[in-house]
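Number of protein chains: 2
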Amino acid sequence: MSFDTKLKQKQKKMNEIIGGFLPKESSLQKDILDSMAYSITVGGKRLRPILMYETYQLFGNHEKEIYPFLAAIEMIHSYSLVHDDLPAMDNDDYRRGQLTTHKKFGEALGVLTGDALLNYAFEIMSQACLEMKDKMYECVQAMQYISHKAGIYGMIGGQVVDIQSENKSIDLKTLEFIHEHKTAALLEASMVGGAMVGGACEEDIKAIQNIAYKIGLAFQIQDDILDVTSDMKVLGKPVNSDKKNNKSTYVQLVGIEASKDIIKQLSNEAIEALKKLDDNAHFLIEIVEYLIYRKK
Amino acid sequence: MSFDTKLKQKQKKMNEIIGGFLPKESSLQKDILDSMAYSITVGGKRLRPILMYETYQLFGNHEKEIYPFLAAIEMIHSYSLVHDDLPAMDNDDYRRGQLTTHKKFGEALGVLTGDALLNYAFEIMSQACLEMKDKMYECVQAMQYISHKAGIYGMIGGQVVDIQSENKSIDLKTLEFIHEHKTAALLEASMVGGAMVGGACEEDIKAIQNIAYKIGLAFQIQDDILDVTSDMKVLGKPVNSDKKNNKSTYVQLVGIEASKDIIKQLSNEAIEALKKLDDNAHFLIEIVEYLIYRKK
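Going line by line, the protein sequences match chains A and B. Each residue of the first sequence is one higher than the one before, starting from 1 at the first, in full-length UniProt numbering. Each residue of the second sequence is one higher than the one before, starting from 1 at the first, in full-length UniProt numbering.
No lab work stands behind these hints: they were computed from the structure. Note that the structure is predicted; figures quoted are calculated from it, not measured. It cannot be assumed that every hint is accurate.
Identical chains blur together in the list; that is why a pair holds if it fits in one copy or across any two.
[As the list claims (entries may be wrong)] Below 30 angstroms or equal to it, Euclidean Cα-Cα: the simulated DSBU-like pairs (lysine-lysine) are: (1) Lys12 with Lys103; (2) Lys135 with Lys264; (3) Lys12 with Lys104; (4) Lys168 with Lys12; (5) Lys64 with Lys133; (6) Lys8 with Lys24.
Hey, can you work out the whole structure from these sequences and the hints?
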């Protein structure tokens, strides 16, 4: 089976799992359930849940125990996009060719939908912890790690510095901070959370953390490269948007060849470490190669 | 010692505890730590942590174990105010005589500060659950309950229906939904969360849930009454704001006398149930009387 077919199957599986965790019961607050479902189902590659699922598989063998966390990590990712699109932030009317949540449901509901998705992610995870009595510690540990990497010491921290850096020339240290926090942190949360729920030992958790960090950073540098080398038809969004938005990129700060070299080094190290960790990490390695050498 | 002096002492204690849980370490994301601290420290009566603390005291006897939850519940309350004040929502420039968070730090940081406070509340609670190994189940249960009452089935659900009901005449059923969810739910979360971390049995948790529901509803009806009967000097905020904002109130739907009767009945029932539950609930009963019969 080709990688593309396998990936599509996984995405379908993730969509079914996430859909199963969307809130269903409602009374007068029905609109927010609709806007949450809209924000989740308009698309997305489901990279975070797939990375979490595949990492879980290296350690655990009761896959249903990771399901609530797959839904939660995608809800956290979605909430961040819904709030990012608000007029106060990036002010985007479209995402993946569809109206953004606040354009479809109004700005007040845009704010509340993001809040609701973030809150519901923790509602799902707390409930999962309660139900998995034998593995409560591992599940709470995963939830704690995810909260840490989603918050001010992770994604939100990166967003703050990203906003402050607009229209400024920043140094490599600042750009690395943004990349590490804004993007890489949630990819780390996905893989490390998967390992924790799977019951990985401390040493393996550290190895996964290290691997995920490298994948996350390489993923974001590739994003910077695509922004200047791709064309809009392939990328599905405007190219050169970083330059237009006066955002500093790796390409700008170290040049395109050096950026490619860094990606190669990071991804080789991540793949070597994955092979060392588990002989059966084939699909995870394929995903890493896909993420890092993707054309869009 | 007078009730006022006792209350002030408790508020001071809560401020110290909450301050101790505000994030301290920062790198480039320092601004968001400042805006979080600002949003928390500009004021507030600390009712939710006080209710939680006092309820905890009826059951538990290692008070430090409730501290992280006190900070978390106040952060959740604060985040909801920060987002409520945004231009997309109530568009308020001042709260308690001070600039609202987005007016002081900019609108983008207003959105992110709310997100950060909500996320950090769960970061603190998850960490607390990990550290309290002997009581992990009770702590996770409290966190799950808090997340439920803060989300679409609680506070956020109430906010959504509140927004949809502006400039409309609504029926009593809808108004009760708003009151129960927007305000009462987080007061319930405070008291029930306190009981759970304190190790209350299932029956006592149910009793507290029932008591907290009545207190929360009475508290909000009193808010509706104060909006028409108080004057601005006493209330510290404009009166008749509900009418100006075209919001339906209890007073409008059932009349002022019937509203007062409902408050009396709810609070008497809550106080009787508290007495039955514990002979030592004196201060909690005083707080209930203060909340329900307050002048501002």
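Now the hints, each set against the structure:
no., hint, in the structure
1, Lys12 with Lys103, "within (27 angstroms within a copy, 44 angstroms between copies)"
2, Lys135 with Lys264, "neither (37 angstroms within a copy, 47 angstroms between copies)"
3, Lys12 with Lys104, "within (25 angstroms within a copy, 45 angstroms between copies)"
4, Lys168 with Lys12, "neither (41 angstroms within a copy, 42 angstroms between copies)"
5, Lys64 with Lys133, "both (14 angstroms within a copy, 25 angstroms between copies)"
6, Lys8 with Lys24, "within (26 angstroms within a copy, 44 angstroms between copies)"
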